[in-house]
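Given chain A's structure and the hints, the job is docking chain B onto it.
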Amino acid sequence: MNSFFERRYVIQTFFIVMALALLGRLYYIQMVDNQYSVSAKDNVVKKVIDFPSRGTILDRRGVILVQNEPIYDIMVVPREVKAFDTAKFCSLIGIDKEGFYKRWVKALAYSRSLPSPFEKQIPERLYASFQEHLFEFPGFTPLLRKVRTYPDSIAAQFLGYTDEVTDLDIKKSHGYYQKGDYIGRTGVERAYEDSLRGQRGIRNLLVDSRGVTKGHYLNGLYDTSAVPGKILQSSIDSRIQKLGERLMANKVGSIVAIEPSTGEILAFVSSPTYDPNLLTGRDRGNNVAQLSVNPYDPFFIRPIQARYPPGSSFKPLSALIALQEGMITPQTTYFCAGGYQAGNHFVACTHHHGVTDLRLGIAGSCNTYFCNVFDKLMNQNGAQNTRTNFIDWRQKVLKFGFGSKLDVDLPNEVRGNVPSAEFYDKIFNGTRWRSSTFISDAIGQGELLATPLQMANIECIIANHGYFYRPHLIKSIGGKDVIRQEYKIKNDVGIEQLYFEPVIDGMQEVVEHGTAAASQISGIVMCGKTGTVQRNNAKNHSVFVAFAPRVNPRIAIAVVVENSGQGADWAAPIASYIVEKYLRDTLTSRPSGKTPQWIMQQNLLPALKVLSPAAKAAMAKADSVKKIKANSVKSKKGLKSASRKGEKIPQQLTAIQPKRNEHL
Amino acid sequence: MNTYNQRSFFYNVDWITVFIYLALCTIGWFNIHSAVFDETHPGIFGMKTDYEKQFIWILTAIVLATIILLLDSRFFNALAPVFYGITIFLLVLVLAVGRNVGGNQAWISIGTFRLQPSEFAKYATCLLLARYLSGVNIKITEAKSFFIAAAIILVPMLLIKLQPDDGSTLVFCSLIFVLYREGLSPIFLILGAIFIVLFILSLVFKQIFVIGGVLVVAGIIIAIVRRHRRLAFTILAGMALSILFVVAVPFIYKHIIKEHQRVRIDEWLGLQSDLKKAGYNVHQSKIAIGSGKLWGKGYLKGTQTRFSFVPEQSTDFIFCTVGEEWGFAGSVVVVGLYIFLILRIIVLAERQRSPFSRIYGYGVACVIFFHFFINIGLTIGAVPVIGIPLPFISYGGSSLWSFTFLLFTLVKLDSNRMGVVSG
Chain A
1 MNSFFERRYV
11 IQTFFIVMAL
21 ALLGRLYYIQ
31 MVDNQYSVSA
41 KDNVVKKVID
51 FPSRGTILDR
61 RGVILVQNEP
71 IYDIMVVPRE
81 VKAFDTAKFC
91 SLIGIDKEGF
101 YKRWVKALAY
111 SRSLPSPFEK
121 QIPERLYASF
131 QEHLFEFPGF
141 TPLLRKVRTY
151 PDSIAAQFLG
161 YTDEVTDLDI
171 KKSHGYYQKG
181 DYIGRTGVER
191 AYEDSLRGQR
201 GIRNLLVDSR
211 GVTKGHYLNG
221 LYDTSAVPGK
231 ILQSSIDSRI
241 QKLGERLMAN
251 KVGSIVAIEP
261 STGEILAFVS
271 SPTYDPNLLT
281 GRDRGNNVAQ
291 LSVNPYDPFF
301 IRPIQARYPP
311 GSSFKPLSAL
321 IALQEGMITP
331 QTTYFCAGGY
341 QAGNHFVACT
351 HHHGVTDLRL
361 GIAGSCNTYF
371 CNVFDKLMNQ
381 NGAQNTRTNF
391 IDWRQKVLKF
401 GFGSKLDVDL
411 PNEVRGNVPS
421 AEFYDKIFNG
431 TRWRSSTFIS
441 DAIGQGELLA
451 TPLQMANIEC
461 IIANHGYFYR
471 PHLIKSIGGK
481 DVIRQEYKIK
491 NDVGIEQLYF
501 EPVIDGMQEV
511 VEHGTAAASQ
521 ISGIVMCGKT
531 GTVQRNNAKN
541 HSVFVAFAPR
551 VNPRIAIAVV
561 VENSGQGADW
571 AAPIASYIVE
581 KYLRDTLTSR
591 PSGKTPQWIM
601 QQNLLPALKV
611 LSPAAKAAMA
621 KADSVKKIKA
631 NSVKSKKGLK
641 SASRKGEKIP
651 QQLTAIQPKR
661 NEHL
Chain B
1 MNTYNQRSFF
11 YNVDWITVFI
21 YLALCTIGWF
31 NIHSAVFDET
41 HPGIFGMKTD
51 YEKQFIWILT
61 AIVLATIILL
71 LDSRFFNALA
81 PVFYGITIFL
91 LVLVLAVGRN
101 VGGNQAWISI
111 GTFRLQPSEF
121 AKYATCLLLA
131 RYLSGVNIKI
141 TEAKSFFIAA
151 AIILVPMLLI
161 KLQPDDGSTL
171 VFCSLIFVLY
181 REGLSPIFLI
191 LGAIFIVLFI
201 LSLVFKQIFV
211 IGGVLVVAGI
221 IIAIVRRHRR
231 LAFTILAGMA
241 LSILFVVAVP
251 FIYKHIIKEH
261 QRVRIDEWLG
271 LQSDLKKAGY
281 NVHQSKIAIG
291 SGKLWGKGYL
301 KGTQTRFSFV
311 PEQSTDFIFC
321 TVGEEWGFAG
331 SVVVVGLYIF
341 LILRIIVLAE
351 RQRSPFSRIY
361 GYGVACVIFF
371 HFFINIGLTI
381 GAVPVIGIPL
391 PFISYGGSSL
401 WSFTFLLFTL
411 VKLDSNRMGV
421 VSG
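Those protein sequences? They're chains A and B, same order as listed.
Following this note's numbering, the numbering of the first sequence begins with 1 at its first residue and continues without gaps.
Following this note's numbering, the numbering of the second sequence begins with 1 at its first residue and continues without gaps.
Take the hints with a grain of salt, since some may be wrong.
Unchecked claim - Calculated lysine to any residue pairs in the SDA-like style (CA-CA distance at most 25 Å, straight line): (1) B:K293 to A:N204; (2) B:K301 to A:R7; (3) A:K41 to B:W268; (4) A:K41 to B:A278; (5) B:K297 to A:P115; (6) B:K277 to A:P115; (7) B:K293 to A:R7; (8) B:K48 to A:T213; (9) B:K293 to A:V38; (10) B:K277 to A:D42; (11) B:K144 to A:R7.
Hints listed in this document are in silico derivations from the structure and should not be mistaken for laboratory results.
Just chain A, same shape as in the assembly:
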């Protein structure tokens, strides 16, 4: 009956072998091969980054300069969208119908079931009206984000701007930044990026196969919370910053004010400027495009990047060195007959000062006096020692912070220039050059170049009687006084204290009876010096440097107004109003009769020639500062620096350029 009985074993063996094969395979997948565990985690764990809010920046009195304002991205999940009134929707968020379909197609292409931004950066006032109707548009949700806003719209170049990170930034940061992050690009935003950006938080979320959140991975064991950026208190005084920017409206130039006792920068005006709010929000792309073709280049940070011959404002420094060297005493006199004959070269003076001592030399800005002093300085121990004397003189000038970066806490500062002995060796084919050939250095013309910041710093040195603190822009970070140690070091310039008084006497005289008498502030003793940078075939640059009050000085200032005229005409009144505003918080009238309102209304922008591309390129080179031919030995150097600046501009703009392309 039960034949083939033994075949049961064949069948049983077959079943068992097959089952063992399954178990073998299971063993391999579950116990040996690790890739599936890794894939499983990749499948379900989605890292979500919580963005910290960027640190606020305050002025020295606690007024907010930059803060974060909520804006809204309208996110869309196409799958959840139901029929709605598109016309109403478009008008609510301010787009047209065509734009709507373009965005819709883009969102669909991204994902049907995942949210993607439909319209980015909707300002709060627009959002408020949209929010009331939000329920009519299922599938659309708001996403709160933060943008930088500038309540006073001031200090654009000082604050700098932020920008989305580029691939290069991401690479350089070794993985800190990710696509879509913002990074400080210029100014304080860049210099203090590490403090401002805060710390990102990461949430490890569990998601299902459609990307819908289901909870926290390991109950949030590996989650970190976001730490907001630190509050930065800057040294800027928003009152004088604002006033300065208004006074400089429609003018090219800079204002730098520093507190001598600390080196804290009180005002940092670069003109023309722009409203920093233009570089945030929806219209950023268009605004950047417009600003970057502005021929006056608002992105050029003039206080630390423009280089000017200091002109007569250099004279107090010249006098200090001569005093220290013992070449002159305050009583030393020279006779001014309207100029100084240096070899075959005549340096004109503005007046016939007659018998001129140090005080009058400074007060009257006498070229003859300072040429004589310089000549004496260069020829001490005989004319053959000129080169040695020059090197010695140069060392002393360098100590004042000329010719090198002051290492202010802003990126892209330039050095300025103090010509070296080697430079003259080259120009004169040998070492046998004489004082007469570079006499223009005596009066701050020639190859000497300084930034407005460096000029203001000289005033700090004079105000302090011989030392300065490195100028800086940040008082404290996160409520703690943690500025860099180097900003607390006294830098001695090697001039004895006693030599300062006579020079300061002269500077007080400048404002009281001298070249800047028309800008005297009643009740405040201001010590200053005008400067007029002469240029060939163009209007002069007006320069004024000063500090006030004479006793316990609280503010040192340098003002440069390009293409305007005499130092006394423009720079001096502007400086006087800034000083008065800072010291007294009011504005009174000046002997000159120039009111702040009148100054604000004046347009001193250099005329633009033809706006052909060639002319535009030339413009970059011809930027005012550069053509310093008057009294200069050779114009080569000046042109060289001009071309160097020409390089600087594109470099400035590269950071913004890609952005512009994206929006065009």
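Just chain B now, kept in the frame of chain A:
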């Protein structure tokens, strides 16, 4: 002997089998619960979620099992042709009025109740096959008997193929072991195995190498058995047939096997891979099972299955939940339970005095084994994707009921093995 029967309906019931059955149903329910668990709907009584429904299916299946145990054991033998007839009728009917679910015309809807005739076709076929083969003077070695037996298997098979439910169609192939046990020449099994191997080889390797391989292997065997003339000739013939088959494989593959099946086979053999499309299911399934490690992630803690990365997770891919949440340990338990059940069924079959019961028992073992092996195999990429449920564990009323019929009919027959020789 009848007196025993009267003492208790449950007398002589093989409790081991019943226990394994209940264990698998329970494991199934818990895993379905985990696979489709919904925090917002935690209840287990209702008709909303799969686990609520499965709970009902299990309860009704137990009722059905009890009813089967209460029936007279002669009932099955006697009514086998009737069952078979009804099933064939339903299989024809389903082609006409059936509901199409997932590309298969496999369901008959009666109100909210849906019936899958192909599930019951297995049961009916096993019964009729057992009845026919246990008949007097039926010898499988004889051509007529063989063809009739083959026809009993092939008719429902072809009807199901028309749905087209490939998985269920292939299940009937497993019944070849029943025929083998009853005396079918092993040559059929060997040929079947050779064809499967050759088919795979010709897909993976170049045809010329496969043919060369066949020649070499056949040559060696012929050289060994050259003294047995007849055997040598048979092998020679087999070799010729094999080569012919190998040559035909590309044609079969391209024209007879359908596109979606071809893609699945390609994925399985690694000939092509698209983890986003055809390969997605198996890849995600392997991730789920592989990430379970030794002890698994724990009940209701499997991320892959719960967050619906694995499709069909309460039916065809239910084993993913086992692998992910209970790990290798759980997998071994489940595989162990199945193989123990199948071996137990063979023990039951072999202890029957009636050939009907024995043949039927083998049918049950083969069907369950095929489902078990293919289903678990596909979740770990060991076999191509063939959509068939895991017996007792996968979600689904038709499936659970038909397997309950299948198994408890055997238990009933076994409990009555000392009684009348039925058929």
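* List of violated hint numbers, smallest to largest -> Numbers 2, 5, 7 - these are the hints that the structure violates, sorted from lowest upward.
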